[in-house]
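Trainee: The lines below spell out each chain.
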Amino acid sequence: MSGGVDSSVAAALLAEQGHDVIGLSMQLYPQNGNHFGSCCTLDDLHDARRVATALGFPHYILNLEERFNDTVISNFVHEYASGRTPLPCAHCNSDLKFSTLLERARGFGSDSVATGHYARIDRSPDGRWLLKRSVDRDKDQSYFLFSLTQDQLAGALFPVGSLSKPAVRTEARRLGLTVADKADSQEICFVPDGDYATFVASRRVDSHGGAILDEHGRTLATHGGVHRFTIGQRKGLGIATGMPLYVVKIDAESGDVTVGPRSSLERASLTASSVNWVSADAPAEWLRVSAQIRHRHRAAPGRVRALDDRRAEFEFDDPQAAITPGQAVVFYDEDLVVGGGWIE
Amino acid sequence: MRIYLDHNATTPPSDAVISRLASTLREEFGNPSSVHHFGQRAKAVIDEARSAVAALIAADPGDVVFTGGGTEGDNLAIRGAAEALEPGGRKHLIASAIEHEAVLNTLKALARRGWKTTLLPVDESGIVSADTLRSAMTDDTALVSIMHANNEIGTVQPIAQLAAIARERRALFHTDAVQSAGKIPIDVKALGVDLLSISAHKFYGPKGVGALWIRRGVRLQPPLTGGKQERSRRAGTENVAGIAGMGVAAREAIAKMDGEAARLSALRDRLEDGVLRAVTGTALNGTRSPRVPNTTNISFDRTEAESLLIALDLEGIAVSTGSACSSGTLEPSHVLKAMGFPPHRTQNSLRFSLGVANTETDIDRVIAVLPGIVEKLRSLTRTPVRA
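Residue numbers (the working numbering), protein chains in the order written: chain A, 38 to 381; chain B, 4 to 390.
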């Protein structure tokens, strides 16, 4: 329970249905002193507690600061320093919410961990756990949940996944929850001002300074670290040219950042690692699916097949712009998550 | 039936206390500073309570100042003494490393204003040694603050011996007796201290009221400024009902102390021995004696105390891990850290603090359910326990 409307309604609906609910909130960073988060502040924890009190179930705060730092934040910093663009919410789901938190909850006698995610869980006739997009396509979060294993899906419940966001707010008002009109959180919770470069620099990682090159290898400018860049970035390059230039390549080893015109951003294929196959076993032969390559990307059709070492390759029917290492690629068959992995 | 084993956090007010609060609010609502009949009645209530509280600590009623609780008493004692002594050139404060935050954070605040501060280490049993204090004392030491009984582990400090060391060097000695008042006999003169703070809700009184005993002749410059209540040592209209309730609680504590101490220490030992025997990988934190009769603190190897606390609460058993921060989350114990324990002990310990309603049946239920809960948590923890 983050104190937001989604997890509050999720908990309230389960309580209303007669489930024996235990409210848990995660404290992920220090609340006093060098506080840097936007979600789960003391105000949010207070909101979560009030919801639990109103509905009459117990509420506890789990201190997962160390685990969050060791998994999500260190990955975030390391990825940026390696010239990649991380996706911390997906790591938080697989490495924290549906691992440590699920373990803790099972220790309290719980069968499942329910969250306020916009996604649906289903079961195939042969007993396989399936992950599907939310009915609210605009709010859908299945992209961030692709790495959940069968065991993790078996222990997960997404009570608001079959509701639209407006319907969730209506439910919150019907249930008399004080958080019904609370604003959505959008940004990455531990960098509320969105200034990732400063955050990464504050963690004192080695991130190469280097040159900004054009596609012919000519130096256009210098920069203070590869963690300041992401594939497809146009702003903040510090170069004045006649036509818009985009980051098309980041080489963390040399520190070189290559820029080029928009057309140079397009790629027709990608490979992914640590692939998790959800709805089916790893496809040895080409399989027709659509691939979503970032949160706000309309899944594009193509074909996928599994490679060795939990890797996969995907070929788009039409080339896509800004395929970004570190982001997830999630393969869909309509609403169904077939699988997904990390873009190499 | 829920079992409450967190009496060091707070205690349920007795029926007599509750009736007294209600009757005082109804009938003695006057402002004690008023000259008229209503003021006089309220004043009389405070006078009677002052005698009762003085009796609890074997003090003269005239030296007892009512405060807004333990934290306020600690602040009045330390800040008040510091400010009064500052012109004399003494700018050094000493406390033990296992004090309550009311003392530790007051020292930190004064340190930011230029005071030198020293935190005394404790040994593995949780006791401050006389030699440690002696070697920390300087000619600049204005005040020494060492708690009587520790809130987390219950160990009782050799206050008389420590206060004598401070007196030799003409420094003031304050003791936070919040966790000992009502549990063990206190005699301010025998302890030889200058300042002693207590809190009503730790001995079945109401929250938001406490007292500071100030040795006759000790000058304080109170941090709270305002009217001349409590002989100009605690400004603000008195919490008459709370003070009346504290008086009732003090009388009851005096009457029941010997019997309860014997009963609770027997129950506590039964719990302690039972848990240490029934659950593998457990260890007692702090010395068995001298200790207040109601407290035990036990570490559970490979078990996150946070999870254990929650699992016990879901079983209807209320315990704690020591001090909870404002958000209700758990921090590693600074007390166990100061005793030199590694993280797996400071983060994996539970405090059981017994009180009036606890019975043998309660204790036996805890001993019966704990092993299963601990085993379950241990078996489910795949991610490493913080260490």
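Everything labelled a hint here was simulated from the structure, so no lab data went into it. No residue lacks a Cβ here, since even glycine has one placed at the ideal position from N, Cα and C. The reader is advised that the hints may include incorrect statements.
A few chain A residues facing chain B, derived, Cβ under 7 Å [to be verified]:
1. Tyr97
2. Glu140
3. Arg141
4. Phe145
5. Pro162
6. Arg165
Trainee: Okay, which hints does this one fail, numbers in order?
Mentor: 5 and 6
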